[in-house]
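If you're matching them up, the sequences are chains A and B in order. For the first sequence, the numbering used here begins at 1 and goes up steadily by one. For the second sequence, the numbering used here begins at 1 and goes up steadily by one.
Fair warning: there could be bad hints in the mix.
With a straight-line Cα cutoff of 25 Å, these simulated DSS-like cross-link-like pairs (lysine-lysine) come out [to be verified]: (1) B/Lys79 - B/Lys261; (2) A/Lys260 - A/Lys288; (3) A/Lys288 - B/Lys454; (4) B/Lys453 - A/Lys288.
Note that these hints are calculated values from the structure, not bench results.
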Amino acid sequence: MRLVIERGELLRALGHVTSVVERRTTIPILSNVLLKASGKKLEFKATDLEREVMEEAAADVSASGAITVPAHVLHDIVRKLPDGSQVEIKRDGEKDRVTITSGQSIFALQALPPEDFPDLAAGDLGTTFELKANDLRRLLDKTRFAISTEETRYYLNGIYLHVAGEAKKKMLRAVATDGHRLAQVELDLPKGADGMPGVIVPRKTVHELHRLLEASSGNVSVSVNDSKVRFVAGSVTLVSKLIDGTFPDYARVIPQNNDKELVLEKASFTSAVDRVSTIASERGRAVKLNIAPEKLVLSVNNPEGGSATEEIAVDYDSEALEIGFNARYLLDIAGQMEGEEAHFFLADPGSPTMIRDAGDEAALYVLMPMRV
Amino acid sequence: MAIRQLPPQTVNRIAAGEVIERPASVVKELVENAIDAGARDVEVVTVNGGLSLIRVTDNGRGMSQDDLALCVERHATSKLADDDLSTISTLGFRGEALPSIGSVAHLSIVTAQQAGSGFEIVVDRGRKEGLKPAASNVGTKVEVRDLFSATPARLKFVKSERSENQAINEIMKRIAMAHPDIAFTVTTGQRTALALPKSGVSGDDLLARLGRIMGKDFLNDAIPVDAATEAATVRGFIGLPTLNRADASQQFLFVNGRPVKDKLLFGSVRAAYGDLLPRGRSPMLALFVDVAPTDVDVNVHPAKVEVRFRDAGRVRGLLISAMRAALGEAGHQASAFGGVKTIDTLASSITPSTANASYAPGTAANGNRPIYPARPMRGGLAEDLQAPFDAVTTPSANADATLDPIPADDMRCPLGAARAQLHETYIVAQTENSVVIVDQHAAHERLVYERMKKALGNGGVTRQGLLIPEIIELDDDDAQALADRSSELAELGLVVEAFGQGAIAVREVPALLGDCDIKGLVQDLADEIRSNGQSFALKDKLEAVCSRMACHGSVRAGRRLTPQEMNALLRDMEATPYSGQCNHGRPTYVELKLTDIERLFGRS
Ligand SMILES: Nc1ncnc2c1ncn2[C@@H]1O[C@H](COP(=O)(O)OP(=O)(O)OP(=O)(O)O)[C@@H](O)[C@H]1O
Ligand SMILES: [Mg+2]
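Okay, chain A solo, but in the shape it has when bound:
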């Protein structure tokens, strides 16, 4: 195997694939990236056994072949090479060694045989559809904060992606919850997505995908069956296993009859929550919302540390209500909102509250209150 590739191209491709490589793995080949040269291109592939990322870049291949080399080391080397330089990658005969040459720098890397590189063998995955990269990013962006990190409820450790809505207006919907709050975002169902199974995309895949989509502006093709999913955006492909579990019947927890509507200005609310919660010395302290017509008083009471209150003007004309929330959860949700106004739909201090974003009708959040 022998090829020459432009440093920028190499860096771009490595940047896409190496982040999936775990830094602590005791199976040596999992630290490596698979390089495959043929025709006019160099293909890259990295994996952590749960997911794999593939990328390709134009290269001047003089002898085709494949090899695997330590991914992070290669990435670091390429990062340090001067901009615009040409890089030659060469496998020395049949030996498990790779030489990388650029300008006056020569690196020899210990390599491992390509035959041993794991393959998720995704093959044909059934349902395939396309959507805008930006749309998919939005789905992930607005829901991923609510993913549970508690491993015992593994079925909540990801985003539930599924088809929802009535026959006439079907939607592609993303939902995540940790049991304390829930985030739901949807978009018009892309053509061809109709038959897709409801799947739970694991947290790490979500983060990887989100990162890969940052660079792409075009369309993403999604293929999915009930155990694997593949995302193709431009030249990069991410294949991931799915969480094998049943996502709870979340629709039940979305309140339908919360008729007390509180409209507030997001920016002033967020900074008020942030300010009053300074008094709460520990995580998980409640911010009390005292809601009365036209005014909202936020307060935190820390018996040792003192107390804080702040009043803001709001739109509200139902009966007065006092309800507590985890300050961080409120800030998390506010952080996802696009519009300037947030609408809270409340019932009582013990029931879920629904929150909507005036700037994005397709997003919805549910938050369970705290109580003393």
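Starting from the known structure of chain A, fit chain B with the ligands onto it as the hints suggest.
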């Protein structure tokens, strides 16, 4: 006072004091008799915790008229054919149970060896009443009424109906485990506590019966044990190390079909699991040891729960090696199906340097559940130790692993800025002039405790509502015990309610635990309640309760923390009094002054 021979009635009551400790002992003796009589169906009914009525009905071989007359006499038994105590193969052998029971209660036995031609005998608090014909199916029905009415002193020691029922259930569970070929039904008061059909005695049949008694978790995570030497055989099922409990109450051990609580055997279990288990945790298992009757003395304890082996060392050796072998095999099995984590764990002990170490692709099914608790890498190169630093100090695109440049603010805090997490257990932080190492679990445990205490003093623990109530399946008795204490638990921030038989619904959790392992928490609290009996206030056991809660909070040992989480924990510790010590008085952190470190390197 002159010495005199005691009258038989008194002798029997003294014996009864040893054999019949509480209603559950009566149940045990009667059911063992039924088993010895070859019954295939055994029914137990108790009323009022067994004090008003205990009825055991079997379809065993029954007794003849003469035997019936004799069986209530002291030291009358059909089971020591040649008077040889060293060849006992039945559960009974002393001929002591029935006369003992007859001396402290109203006892009636109806028995028949042929349908229709039965007899009944009645013994009323030691007074034998005549034998008379009675209609009966083949088998025996024993009824014990007004237990301990003849010995008021003993009656005083009987606990609440609930705890007596619980004791009866415990005994019956153990007996039922050892006899899958016999159908058992147990009704305590209004409740059907056990209903087990008969089945085969080994393999999946045995596991099915164990699963019905020990719960679905065990069924899913049990691995078979089967080993033999000339001297002994051991078989049964043991749980994977990840299936663990806070006490040994789910370790069921049997010797020649007899449930025992034997120190030697418990010790072997501990030795076999060794460091596969987190400290203070016990595995779930059911193991049946069989030895030749001549190699074990069962006559060392009045309730026969202890035994003495002729060659204890050999039995212990066999047990340990059998369990180790099973666990070892399960390890490979786990590596075939488990996710990356398992492979990591195993590979670190097997092939750290082989270039093409074999791997097996995980399936999504188990990929998310580590089989073993994360274990620290042992020994090895500096690189190993460096690796976790890299993970947090090298900026990467993974949000979880990013550490911003050290915030100067944090550096000035007493516990400094978190720089790394080692072995998923220790946080290393840097202050302006020292290095701080925090035991994250001990620290979290202490925080939970101090906050609970404070919150209780200030009118209540803040509770986070759950969007979807968590339904947790438990042993019937545990579910009941938790439901009974729901108001106490609510004060501690956990809102539960009964959810049908054998399950509870959790609606709210203590907010200070974060996104926690609710199921583990509930199970542990049930264990705590069980091991402390009925009459204690959870608040008096606050330390124990809190350490169990902390175990399942979001900062438990073995969990990888993000830099933000680590810093938050450090700031919490600073804000919490007494957080420098864990609940057991050990330090939660140590601080190494730079000057001390310099001295270590001979630089001062
Ligand atoms: N359910 C039964 N069916 C048939 N025979 C029985 C039954 N219960 C008791 N017997 C007979 O009565 C005898 C006395 O029973 P008892 O329980 O008092 O003594 P044991 O079982 O021989 O010894 P131990 O005191 O160790 O239990 C037994 O040996 C047995 O022959
Ligand atoms: Mg007996």
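Against the structure, the hints:
1. B/Lys79 - B/Lys261: With Cα atoms ~24 Å apart, B/Lys79 and B/Lys261 stay inside 25 Å; holds.
2. A/Lys260 - A/Lys288: holds, 17 Å
3. A/Lys288 - B/Lys454: holds, 19 Å
4. B/Lys453 - A/Lys288: OK: B/Lys453 and A/Lys288 at ~22 Å, within 25 Å.
The structure shown violates none of the earlier numbered hints.
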